[in-house]
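> Chain by chain, the residues run as shown.
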Amino acid sequence: KQEVTQIPAALSVPEGENLVLNCSFTDSAIYNLQWFRQDPGKGLTSLLLIQSSQREQTSGRLNASLDKSSGRSTLYIAASQPGDSATYLCAVIESGNQFYFGTGTSLTVIP
Amino acid sequence: KAGVTQTPRYLIKTRGQQVTLSCSPISGHRSVSWYQQTPGQGLQFLFEYFSETQRNKGNFPGRFSGRQFSNSRSEMNVSTLELGDSALYLCASSPWKTNNEQFFGPGTRLTVL
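Chains as they are written, first to last, in our numbering: chain F, 6 to 116; chain U, -15 to 97.
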């Protein structure tokens, strides 16, 4: 069964710092990988979707990479802002639209 | 385009009761998935519906069931509620083919007393 791990579980950084969130998965036979953010008590907001044929995707200050062979994805956030404070979740997508979520990284950006 | 909507947003029930939650996907999306989120277990997949058929099912007891209507709206039902069913229930929709991007609703917070 697919297992998805996110490290670190929590991260606190000063505003303006660049940071990297990590996501690892045990079964490399995935189709896609999706990154989300979740604000307290709210639903998930899609950030980036990386298809299996791609190695990275970019949106604004966010860049996500995918290395299927090593079972890893990273989410890079440039010039962090207090509004980036949230929990970040990665999900690997297997055949049949089966999603497996990581446990998340709680990010706090200190003004 | 309106996002995924879920009703009700908050619900309080007592043990033994049953509950029905509703999800309206983004217009044109035919796949609807349901998840349970708790602090201890994180996000766990319940089931996915596509064109009124359950396509995938997670590892939950039979007390958890769902259905999808012809307009792609979906409902999930939990019977004989237990304290451990207290959670945020999230619904997500995606366009129509497999492995597409999912878009989540705000969730329904269920509290079982």
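Be aware that a few hints might be false.
List of simulated lysine-lysine pairs, DSS-like, C-alpha gap at most 30 Å [stated by the list, open to error]:
hint, chain 1, residue 1, chain 2, residue 2
1, F, 6, F, 47
2, F, 6, U, -3
3, F, 6, F, 73
4, U, 41, U, -3
5, F, 73, U, -3
6, U, 41, F, 47
7, U, 41, F, 73
In short, the hints are calculated from the structure, not lab data.
> Hints first: check each against the structure and report whether it holds.
Hint check:
1. F:6 - F:47: Given that 30 Å is the threshold and the Cα spacing comes to 28 Å, the pair holds.
2. F:6 - U:-3: violated, 33 Å
3. F:6 - F:73: holds, 16 Å
4. U:41 - U:-3: holds, 25 Å
5. F:73 - U:-3: It is violated: about 44 Å lies between the C-alpha atoms, which goes past 30 Å.
6. U:41 - F:47: Measuring from Cα to Cα gives roughly 24 Å; hence the hint holds.
7. U:41 - F:73: Holds, at about 25 Å.
Comparing the model with each earlier hint shows violations of hints 2, 5; every other hint is respected.
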